[in-house]
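Asker: Below are the chains, spelled out letter by letter.
2 protein chains.
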Amino acid sequence: MSTNNLPVLAVDLGGTKILGTLVDNEKITYSYLTPTMASGGPETVIRRICDVIDHILSQNGRSLSQIHSISIAAAGGIDTKKGIVTLSPSLPGWHNIPLVDIVRKNFDTKVYIIHDANASALGELCYGAGKGARNMVYMTVSTGVGGGIIIDGKEYEGASGAAGEIGHMTIDVNGPKCNCGNTGCLEMLASGTAMAREAIRRINAGEKTSLTSMVSGETDAISAREIGAAASQGDALAGSVIKQAATYLGIGMVNLVNIFNPEMIVVGGGVSNLGEMLLSPARELVKQRAFPISAGAVQIIRAQLGEDSGVIGAAVKAKQKN
Amino acid sequence: MSTNNLPVLAVDLGGTKILGTLVDNEKITYSYLTPTMASGGPETVIRRICDVIDHILSQNGRSLSQIHSISIAAAGGIDTKKGIVTLSPSLPGWHNIPLVDIVRKNFDTKVYIIHDANASALGELCYGAGKGARNMVYMTVSTGVGGGIIIDGKEYEGASGAAGEIGHMTIDVNGPKCNCGNTGCLEMLASGTAMAREAIRRINAGEKTSLTSMVSGETDAISAREIGAAASQGDALAGSVIKQAATYLGIGMVNLVNIFNPEMIVVGGGVSNLGEMLLSPARELVKQRAFPISAGAVQIIRAQLGEDSGVIGAAVKAKQKN
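Residue numbers (the numbering used here), protein chains in the order written: chain W, 127 to 448; chain E, 127 to 448.
Since the hints were derived computationally from the structure, they do not count as laboratory data. All values reported here derive from a predicted model rather than from experimental measurement.
Note: identical chains are not told apart, hence a pair may lie in one copy or across any two.
Pairs of lysine to any residue, SDA-like flavour, derived with a Cα cap of 25 Å:
| id | residue 1 | residue 2 |
| --- | --- | --- |
| 1 | LYS413 | GLY202 |
| 2 | LYS207 | GLU389 |
| 3 | LYS369 | CYS304 |
| 4 | LYS445 | ASP278 |
Produce the complete structure using the sequences and hints provided.
Answerer: Here's what the structure looks like:
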């Protein structure tokens, strides 16, 4: 019997949460969220992944023969061919962990792995904001800036599955050093972390803002969410911090538009919840600075699937493999 | 009879020269070089292209049925589907010129057009430095910086045939304005023009260099060629100008490596004749700053086909179309 109509058991392995789901095309028919407990190291986390899979199967009364496959979206360096997590900044102790083999040893079915940003890109392409695009760049803006590239309707992985690190292109050669070893990376200037850093810097320099009372003086608690809320209420500092990050984001987009001439740039990740406050100045910059033929061809829009894009994309990938 | 074993009549239309050839796979069996006379406008240039084609056919005693097709590599904005040169900075007066239709009206055979950097990328991929690569970025460094992108062994054109403008990615957000409307573009910092500009600036600021006597005091005559010659003879200013450009070029490469995770970056164009003076510092920077997995996967090497890459690639494209 063909398994192709069966749902995929799709897992999104993040640094703080594991999202386990049953995915039936674009529909998530069952989902279960649990902490990753990443500090416990690979053994703990792998046990938790297997528990999530067991839980989903039992709660839905399904045996392994009643799912299409298990597909895991994970952050970090992923060797998709060998099924190995080579390293992951958000998962301490993960170095060359053969996750696919380990999961397959526990569950005798097909097991796939995909880089989480690539999964989100595929999810948005097939069932979200990117529908109909042939060439698309997915940008995720949250604590960092990541990306997934779609070429000719397919995930682009590069020579070793590491393509799409658009957050680590230098846009300011004299800018701050990034943890990645590079300088003036987009991520250092346009991520949620960058916004918070800039807001705190300006507060420490004596500028007044409603952010201070919003976090009861605990400036370390400031994140893009608070900055967005303050900006919506007319706070000048918050508004200007967002505008600055949006400008940097726009410069990154100009680069991507000139390089890829894509039909779409789809922006997801937590910081994309700032919506037009973030996207409108970025879009304007693309119009002003990118090559007119490419600027005219690209739509820059928000992602639609939110935190589900990873599992939906992981399911798409699994079905493509089959 | 299949035309697939016949040579392609391939033309490289540049701002200063038209190179007309017969191309038999990687071999140029006949070539003819003539000035473009671009200042004469489209009509003059088109007449010259047709004359070149006539000349090649008659000199080789071939009728149109004895060539595979005519394939033209051209700089600028090219709509390859419609066969139109939408605009070309190096060809004054060229706006939406339906070059393919015009040439076909004069020569009743298949006529193709391809962006010159994409042609060079294809040429190097199939018969030059890029042999065996699946994913490759071709960079041309001359008066400007351009590029051609190979994805999965094929030319990547983007949504409107305008992809690959890697010379116009911002790497210095506070850098000089570029003619393209963008700021701090790689081309403004790493091209031959940028090198000459920097050398002249430093000479005007009073620095001593053998370049001054090399051009008999006519500093406007300084180009990357003179700077390379002076550097080879140990001139400190020339050496430092090349080092600076190579550093910027390396930063551009870091971006491309992090984004594309390619197997190869192939560097062509006149300035690439500087060889290791240019490539070695750039390569070093990629090793230091790009993601290790991608930095380890990429070879950064000189192009092999020189000025022939455009016609050879144009011929490859024509055969692929058929």
